[in-house]
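Letter by letter, the chains look like this.
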Amino acid sequence: MPRVASDLVTSFALGELAERLDAELIGDPAQRVHRIASLDTADAEAISFLSNPRYLPALATSKAGCVIVSSSHRDAAALRGAALIAADPYLCFARLTQLWVSRGREATVPQVHPSAVVHPEAQVAATASVGALAVIEAGAVIAEGAVIGAQCFIGSGASVGAQTRLSAQVVLGAGCHIGARGIVHSGVVIGADGFGFAPHGGRWEKIEQLGGVRIGDDVEIGANTCIDRGALEDTVIEDGVKLDNLVQIAHNVHIGAHSALAGTAAVSGSTRIGAHCTMAGGAGVVGHVTLADHVHLGARSVATHSIHKPGLYTGLFPIDDNASWEKNAATLRQLHRLRERIRALEKNKET
Amino acid sequence: MPRVASDLVTSFALGELAERLDAELIGDPAQRVHRIASLDTADAEAISFLSNPRYLPALATSKAGCVIVSSSHRDAAALRGAALIAADPYLCFARLTQLWVSRGREATVPQVHPSAVVHPEAQVAATASVGALAVIEAGAVIAEGAVIGAQCFIGSGASVGAQTRLSAQVVLGAGCHIGARGIVHSGVVIGADGFGFAPHGGRWEKIEQLGGVRIGDDVEIGANTCIDRGALEDTVIEDGVKLDNLVQIAHNVHIGAHSALAGTAAVSGSTRIGAHCTMAGGAGVVGHVTLADHVHLGARSVATHSIHKPGLYTGLFPIDDNASWEKNAATLRQLHRLRERIRALEKNKET
Amino acid sequence: MPRVASDLVTSFALGELAERLDAELIGDPAQRVHRIASLDTADAEAISFLSNPRYLPALATSKAGCVIVSSSHRDAAALRGAALIAADPYLCFARLTQLWVSRGREATVPQVHPSAVVHPEAQVAATASVGALAVIEAGAVIAEGAVIGAQCFIGSGASVGAQTRLSAQVVLGAGCHIGARGIVHSGVVIGADGFGFAPHGGRWEKIEQLGGVRIGDDVEIGANTCIDRGALEDTVIEDGVKLDNLVQIAHNVHIGAHSALAGTAAVSGSTRIGAHCTMAGGAGVVGHVTLADHVHLGARSVATHSIHKPGLYTGLFPIDDNASWEKNAATLRQLHRLRERIRALEKNKET
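Protein chains in written order, with this note's numbering: chain L, 230 to 580; chain C, 230 to 580; chain Z, 230 to 580.
In isolation and in its complexed conformation, chain L is listed as follows (with noise of 0.2 Å):
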């Protein structure tokens, strides 16, 4: 199921290109191109594209046979030879990417390899593919389409929507649901027990963790990711989110539509992201807190309460050379002491 680059040796014409991602082409609509590249490394037979106007010094030096750019870098291209004018670029090459796997890989043929252990009351559509010694638990259901890694492990009564693809070695858990065009990455846990205890005499209580994981449509999830099990009540990740690799999901969160989380951010239990929310590298949110649409955290950025008005919000140290760090990080310890200092000389000058 993974593209590797030399499976994908194809080539499209710049016309059928134009065609294909409504695109207005300057150029001869028979030149090729046979591999899609960055400004600087494209060569005569690579497609290149420019969506950052920082780059628009590269376009010029660029050996690329043909670039995509926005109108307001016509003329720019122009000069510099075959041109694909789109209104946005960078979408423009998402498309093209999108494009050129799809004609490069070779379909699937669905089939359930005889290695993998199926059980008989388990539902496997005609169309789904499933791969060498996966496992397939009573119950589940594989929907149309929908590819099934090698070694992957499907608990009883979950489900895998249609054109769902897992890459090997997934795990989804007993009583857990994915939506329809999923992509999950290799080495995802959905469905672990959730993170509860009480505590007693010094010791800690297990509570059963008897919620499941509710995924929506059109979720990407990434390398190594955890999605635990809610407590009573299931953990949603609605439509549209992406999470990258290694990321928590604590239980009973509830992710908004269309949110991305980038590698290594972190939900806390019971919290509830808004939709159209972004966290960067790192970033997380403690328990028990709703972060509104729209609200996005930067690198490592930790959000302590709720956040109900949209934006940008930070929390980062800023990083220094050592000798400097040691200095500012010894004297954090007393600010609180110095703005006292500071209020003294205030009320010193007044009077």
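What you were told as hints is all true, and nothing was included just to trick you.
No copy labels: a pair is met if it fits in one copy or bridges any two.
Taking lysine-lysine pairs in the DSS-like style, the calculated list, with each CA pair at most 30 Å apart, reads:
#, residue 1, residue 2
1, K576, K556
2, K435, K538
3, K538, K556
4, K292, K435
5, K556, K578
Since the hints were derived computationally from the structure, they do not count as laboratory data.
Let chain L serve as the given structure and place chains C and Z on it in line with the hints.
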């Protein structure tokens, strides 16, 4: 092995619950409850609980058929219907979830799945279970009632204690040991090499990791957590420790009994954590230090030195709107100089 | 493949060790040692070492049968018994552990386990091993002496260099490559898709990840670490790099030779890290920046911009008792205003 909500279709009479949970019943012993729910989502067939007084308003409006409360809320609960009066409602709730699962979960029929690869020199107790496509190497010992999930790997000479349950795709490395009644979630890796190298001419010379991992009884380990083997002696996790998901335990670490580490917490090499400690999400401890018993680290807070006094310790940059953060972070890099300026002002005042 | 302590029952005569480790022996060449231990736990049958002078007091009281020391501690060591004098005792210790394992570990008999699913178009060298229930896809190449652990997944067109050892349950994605003498621990995922999306009308359009991962020789990768494939070109890990557990390497990252990243470190997309760099536990680098050679990041410190000068950089909020932290953190949010107040006081003084 994991529970699916739909598997747990069961019900209890309140009289039986009162007896089993050692609680006093107000109401009809024959009344039945069919699920457990929070106060605000419960219906007449559900049992709920009040442990945090701040949810007291929800008690009055809850539609729950029965609520678990402490004696101090007996009157408020009795006003609205059936109630179980318990000394510690949260503990009572925890035990209720256990009761629910013990009745709702089908008993695992002990068997070694025919697709598992079990070395002839491994010992699997008669009442233990081994899941599909698991691998158990020579000399490994699986005790009575233990459950090895599908696709687990148990290395040579490793051992799993009685009644301990491993979810699918757990790795227990060679010569590593876990005690009785443990729970290990999917993706956990116990016994990878510690990160040990001697620098030599700009390269890293590997220090082979000759120790193992020794885990006590009643330990729970969350999904994708890693516990490395020791360099010369064992990495040790004592009885009753609870580790959440994506936790990193480096080589030679020693974690005292009944400590709990939340998601993405990390402990560096050769550090010793006392008993009854807690680390909130993303907290950390550097290497070669010691935390006393009953030390608690706040979210993302990193102990950079030994802590000998019990208590709560924090070190987290407060989050702010990005514009405010930028100004404060910039000033933070001059903090030491600000202190000098305050000193100068104070001196000036004196003269 | 992993070593179990009990497997390593072996012993060496001090004379042989002196010769093999290129060290000078003080004592009887026929004296044997049966284990390696730290100074404080060693007994008369153990060999120990002193590399850090702060453990000098432990040398005098150690019961070790033999100690490895530098020439500057020759006299102190000789006073207490046998000693090996080495130019670099820590390096000597590292090589001793390697010697121990090479003798104590049973040689892996090359075989493809009959339960492994190896595609007929994969190439497995005659001296390579493939563990139980591993999956190797079409076009993959496993070089001489390589060891593929149980339940590993090697994608189509991927390659594993000579003598490289993969522990159980490693995923090497399609078209990804690792060089010779590497060590990859369980749960590692190499070649999942990078996190690339173009925003479009409040949704995320996937950018297919067309690159691969290229890993050099002598690279070690810790448990559950993730290395994503590049968007257009390869993610690159150069020779001799060491990655600890739960490390996140995003797409298009380039890590220079002999750099070492400790547990839970994270590098964002398209960032270039020089050679001989180190990142302490939980350190991070944002995307699209460059670290020069010999840059060192302290624990949890995040490089938010390029660093061109070698040295140690830190940015970590100092931990404190929670009450002190609360006061200082609150004041920190007014830090910029405090600076204004100091300025006002200074101005006032001048007038």
